[in-house]
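Residue numbers (the numbering used here): 1236 to 1331.
Hint data in this document are derived by calculation from the structure and do not stem from the laboratory. Since this is a predicted model, take the numbers as computed values, not measurements. The beta carbon of each residue, even a glycine, is placed where N, CA and C say it ideally should be. Hints are supplied without guarantee of correctness; some may be wrong.
To be verified - Result set (SDA-like, lysine to any residue): computed pairs, CA atoms no more than 20 Å apart in a straight line:
#1 K1306 x L1317
#2 K1258 x I1245
#3 K1306 x V1316
#4 K1306 x T1318
Stated by the list, open to error - If you anchor each label on the Cβ, the simulated ranges turn out as follows:
#5 A1290 x G1310: 32 to 42 Å
#6 M1283 x I1307: 22 to 32 Å
#7 S1300 x C1260: 36 to 46 Å
#8 P1261 x E1314: 29 to 39 Å
#9 G1287 x F1311: 31 to 41 Å
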Amino acid sequence: IFGSISGGHINPAVTFGLLLARKVCPLRAVLYVIAQIIGAIVAPAVLMAIMGLNADTMGGYNALSGPDDSKIARGFVTEMVLTMILMLAVFATIDP
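When you get a sec, could you build the whole thing from the sequences and use the hints?
Pasting the structure below:
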């Protein structure tokens, strides 16, 4: 919906992929990544403050829960697969 306005840069992986594809200039990519990282830190802090939550009660089941012997590999593979799917969707929606 807002891709024509913001470029659809929803996370640093998308910004980096679009930078590699030369769809965004390097300066703009760096500024987008900085803004995305700041937003990723500030938004949960605001939500936690509003909802009265703390980090100790924010646990849950995810791909990194479970045996410790393959935690890093599971996280890495999960991120790679999901980022690939996201980038395929982003590039499929960009006008040629």
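Restraint check for K1258 with I1245, where alpha carbons must lie at most 20 Å apart: holds (15 Å)
Distance restraint evaluation - A1290, G1310, Cβ atoms, bounds 32 to 42 Å: violated (19 Å)
Range agreement (Cβ of E1314 with Cβ of P1261, hint 29 to 39 Å): violated (24 Å)
Tell me if the straight-line CA distance from K1306 to T1318 falls inside 20 Å. It holds: about 18 Å lies between the C-alpha atoms, which stays within 20 Å.
Taken at face value, is the distance from the CA of V1316 to the CA of K1306 at most 20 Å? The given pair, whose Cα atoms are some 16 Å apart, holds under the 20 Å limit.
Is the distance from the Cβ of S1300 to the Cβ of C1260 consistent with 36 to 46 Å? holds (40 Å)
Beta-carbon spacing of M1283 to I1307 - inside the hinted bounds 22 to 32 Å or not: holds (26 Å)
Holds or violated: K1306 and L1317, Cα atoms, limit 20 Å. Holds, at roughly 17 Å.
How does the Cβ-Cβ distance of G1287 and F1311 compare with 31 to 41 Å: does it lie in that range? Given range 31 to 41 Å: holds, Cβ gap about 34 Å.
Going down the numbered hints, you'll see the structure goes against 5, 8, while the others check out.
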